[in-house]
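**Student:** The whole structure should be built from the sequences, with the hints applied where relevant.
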Amino acid sequence: MPPDTGKPSFIKLLQDNRGQLRLLALMTGIFLLIFFLPVEEERVSNAFLEGVQLTHWYAREHVILCLLPAFLIAGALATYMSEGAVMRYLGPDAPKPVAFSVASVSGTLLAVCSCTVLPLFGGIYKRGAGLGAAVAFLYSGPAINVMAVVVTAKVLGAEIGIARAVGAIIFALVIGTIMHVIYRKEESQRGEKSRRGFGGGSDSDKPMGIIALFFALLVGILVFANWAAADSPAWMQIYAWKWPITGLLSAALAVLLIWRWHWPANQLLLLAAAIAVAAWAVPAAPELPFVIGIGGLMLIASLRDEDRDWTAQSWDFAKQILPLLLAGVFVAGFALGRPGQEGVIPSQWVAQAVGDNSFRSTLIASFLGALMYFSTLTEVPIVEALMGSGMGKGPALALLLAGPALSLPNMLVIRTILGTQKTLVYCGLVVVMATTSGFIYGNWV
Numbered sequence: 011m012p013p014d015t016g017k018p019s020f021i022k023l024l025q026d027n028r029g030q031l032r033l034l035a036l037m038t039g040i041f042l043l044i045f046f047l048p049v050e051e052e053r054v055s056n057a058f059l060e061g062v063q064l065t066h067w068y069a070r071e072h073v074i075l076c077l078l079p080a081f082l083i084a085g086a087l088a089t090y091m092s093e094g095a096v097m098r099y100l101g102p103d104a105p106k107p108v109a110f111s112v113a114s115v116s117g118t119l120l121a122v123c124s125c126t127v128l129p130l131f132g133g134i135y136k137r138g139a140g141l142g143a144a145v146a147f148l149y150s151g152p153a154i155n156v157m158a159v160v161v162t163a164k165v166l167g168a169e170i171g172i173a174r175a176v177g178a179i180i181f182a183l184v185i186g187t188i189m190h191v192i193y194r195k196e197e198s199q200r201g202e203k204s205r206r207g208f209g210g211g212s213d214s215d216k217p218m219g220i221i222a223l224f225f226a227l228l229v230g231i232l233v234f235a236n237w238a239a240a241d242s243p244a245w246m247q248i249y250a251w252k253w254p255i256t257g258l259l260s261a262a263l264a265v266l267l268i269w270r271w272h273w274p275a276n277q278l279l280l281l282a283a284a285i286a287v288a289a290w291a292v293p294a295a296p297e298l299p300f301v302i303g304i305g306g307l308m309l310i311a312s313l314r315d316e317d318r319d320w321t322a323q324s325w326d327f328a329k330q331i332l333p334l335l336l337a338g339v340f341v342a343g344f345a346l347g348r349p350g351q352e353g354v355i356p357s358q359w360v361a362q363a364v365g366d367n368s369f370r371s372t373l374i375a376s377f378l379g380a381l382m383y384f385s386t387l388t389e390v391p392i393v394e395a396l397m398g399s400g401m402g403k404g405p406a407l408a409l410l411l412a413g414p415a416l417s418l419p420n421m422l423v424i425r426t427i428l429g430t431q432k433t434l435v436y437c438g439l440v441v442v443m444a445t446t447s448g449f450i451y452g453n454w455v
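For any residue, its number in the numbering used here is found by taking its place in the sequence shown, counting from 1, and adding 10.
Some clues are possibly wrong.
Distance condition first, Cα-Cα at most 16 angstroms in a straight line; then the derived EDC-like pairs of lysine to aspartate or glutamate [stated by the list, open to error]:
| no. | residue 1 | residue 2 |
| --- | --- | --- |
| 1 | Lys106 | Glu197 |
| 2 | Lys136 | Asp326 |
| 3 | Lys216 | Glu316 |
| 4 | Lys432 | Glu197 |
| 5 | Lys403 | Asp366 |
| 6 | Lys164 | Asp317 |
| 7 | Lys195 | Asp319 |
| 8 | Lys216 | Glu93 |
| 9 | Lys403 | Glu169 |
| 10 | Lys216 | Asp317 |
| 11 | Lys136 | Asp319 |
| 12 | Lys432 | Glu93 |
| 13 | Lys136 | Glu197 |
| 14 | Lys252 | Glu297 |
| 15 | Lys136 | Glu169 |
Pair ranges (Cβ atoms, derived) [what the hints assert, rightly or not]:
| no. | residue 1 | residue 2 | range |
| --- | --- | --- | --- |
| 16 | Arg28 | Ser242 | 50 to 60 angstroms |
| 17 | Ile450 | Leu313 | 29 to 39 angstroms |
| 18 | Ala35 | Ala283 | 32 to 42 angstroms |
| 19 | Ile180 | Trp325 | 34 to 44 angstroms |
Keep in mind the hints are simulated off the structure, nothing from the lab. All of these numbers come straight from a predicted model, not from anything done at the bench. Think of the CB as a built atom: it goes at the ideal place given N, C-alpha and C, for glycine as much as any other residue.
**Tutor:** What follows is the structure, given as structure tokens:
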């Protein structure tokens with residue numbers, strides 16, 4: 011046996027510094043990618059510009075109105091939502107029909123995109139929701155969008171609209187069930203830890219009805235602030251009143267905070283005055299008063315001992331999720347471009363690859379749909395354009411089932427919440443089920 015010289019062996023040195031070595035490998039890989047990137051080629055430089063343009067569009071259209079209120083709701087879930095209520099309806103030991111039904115209905119009512127649902131998913135999962143129910147919520151939010159289904163039926167035909175609605179509902183239930191079954195032992199241990207942790211001090215002492223009203227107002231502000239224009243008279247009537255409705259909901263939230271949270275009325279009145287001045291001074295930029303409102307709300311909460319955790323939890327979600335989302339949106343734009351624009355992967359290749367109802371075409375449509383980023387309702391005109399270029403009905407349905415629920419930025423964030431293995435299983439289930447459904451629909455239905 012060789013004498014111990016006191017110096018670490020090479021293998022032990024590698025084992026002791028695995029984290030640093032992984033970081034070094036990542037930095038080296040990024041450097042080499044940048045170093046050898048053929049930026050002089052027009053397609054590459056245009057793809058880089060597309061990544062910047064898509065990130066710019068995402069920052070303007072989604073971060074302020076979608077993600078900021080979503081972070082607030084997620085922080086409030088982690089702070090005020092009774093852990094007992096979450097465990098009763100969504101926890102690992104809750105009856106599965108009840109848990110999955112509540113999760114699916116809750117997600118459906120939000121009608122948000124694949125990125126906006128992430129803070130809310132993280133909030134209920136962190137609070138103790140079972141994996142199956144949380145995943146059902148994660149899928150149902152962007153996928154089971156009532157307006158998107160109606161627009162799909164109107165633009166692409168009633169047949170594919172009905173197929174999308176039925177497929178999305180079944181997906182939420184089946185994927186949630188499979189995730190629960192695969193990880194039931196691990197979830198059982200997690201549920202036991204949650205039960206032992208009851209009474210940990212963050213449960214709210216307010217009646218459940220008041221808490222429900224509080225979250226209903228927050229969700230209402232999120233939904234109406236993001237109410238998009240669509241080809242529907244009733245929908246457009248609501249769209250014309252979206253900001254007055256958002257303002258009324260915000261005023262109701264302020265009243266509730268004064269009445270049951272005992273926030274100082276003078277501070278909220280001062281915040282309301284600042285919002286009103288900003289709305290009057292810059293009427294073409296409703297994002298400005300919206301940001302002032304959210305910033306003021308978090309500032310007041312941070313000054314109060316009993317509500318400071320709301321700000322801290324919201325900030326935790328923001329710093330964990332936002333950088334990954336922006337990076338993922340840039341990569342998605344670089345690879346596939348914006349709708350109607352070219353990324354580094356030519357759109358002609360995509361159209362040719364999904365030009366029939368074969369299994370291969372359907373799988374490619376599911377896979378590409380899972381990587382692309384779709385904001386609410388934009389998937390319909392994209393699929394319409396692809397079908398005009400020869401895309402089969404099977405791949406079209408597969409893209410509609412996989413695309414809104416997944417995206418590259420969405421995957422990056424899910425990994426930080428669930429871990430690599432569960433994320434791969436979830437994404438794989440979505441792609442496999444979308445492919446299977448699309449192939450059956452395209453060939454036999």
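**Student:** Now tell me, hint by hint, if it's right for this structure.
**Tutor:** Now the hints, each set against the structure:
1. Simply put, Lys106 and Glu197 have alpha-carbon atoms about 13 angstroms apart, close enough for the 16 angstroms limit, and the pair holds.
2. For the given pair, Lys136 sits about 12 angstroms from Asp326 by alpha-carbon distance, which is consistent with the 16 angstroms threshold.
3. For a cut-off of 16 angstroms, the pair hint linking Lys216 to Glu316 stands: about 12 angstroms separates their Cα positions.
4. For the hint pairing Lys432 with Glu197, the CA-to-CA distance comes to about 12 angstroms; that is within 16 angstroms, so the pair holds.
5. This hinted pair checks out: Lys403 and Asp366 have alpha carbons roughly 8 angstroms apart, not beyond 16 angstroms.
6. This hinted pair does not check out: Lys164 and Asp317 have alpha carbons roughly 46 angstroms apart, beyond 16 angstroms.
7. Of the supplied pair hints, the one linking Lys195 and Asp319 is violated, its CA atoms being roughly 32 angstroms apart against a limit of 16 angstroms.
8. The straight-line distance between the Cα atoms of Lys216 and Glu93 is roughly 13 angstroms, inside the 16 angstroms bound, and the hint therefore holds.
9. Our distance criterion of 16 angstroms between C-alpha atoms is met by Lys403 and Glu169, whose separation comes to about 10 angstroms.
10. With a C-alpha separation of about 13 angstroms, the suggested pair Lys216 and Asp317 falls inside the 16 angstroms cut-off, and the hint holds.
11. Of the pairs offered as hints, the one joining Lys136 and Asp319 holds, with about 14 angstroms between alpha carbons and a cut-off of 16 angstroms not exceeded.
12. Among the hinted pairs, Lys432 with Glu93 is inconsistent with the structure: their alpha-carbon atoms are about 23 angstroms apart, more than 16 angstroms.
13. With a C-alpha separation of about 13 angstroms, the suggested pairing of Lys136 with Glu197 holds against the 16 angstroms cut-off.
14. For a cut-off of 16 angstroms, the pair hint linking Lys252 to Glu297 stands: about 13 angstroms separates their Cα positions.
15. About 39 angstroms separates the Cα atoms of Lys136 and Glu169, which puts this hinted pair outside 16 angstroms; it is violated.
16. Checked against the given bound of 50 to 60 angstroms, the beta carbons of Arg28 and Ser242, roughly 55 angstroms apart, stay inside it.
17. Checked against the hint of 29 to 39 angstroms, the C-beta distance between Ile450 and Leu313 comes to roughly 57 angstroms, which is inconsistent with it.
18. About 54 angstroms separates the C-beta atoms of Ala35 and Ala283, a value inconsistent with the hinted range of 32 to 42 angstroms.
19. The hint said 34 to 44 angstroms for the Cβ distance between Ile180 and Trp325, and at roughly 37 angstroms that hint holds.
When each numbered hint is compared with the structure, violations occur for hints 6, 7, 12, 15, 17, 18.
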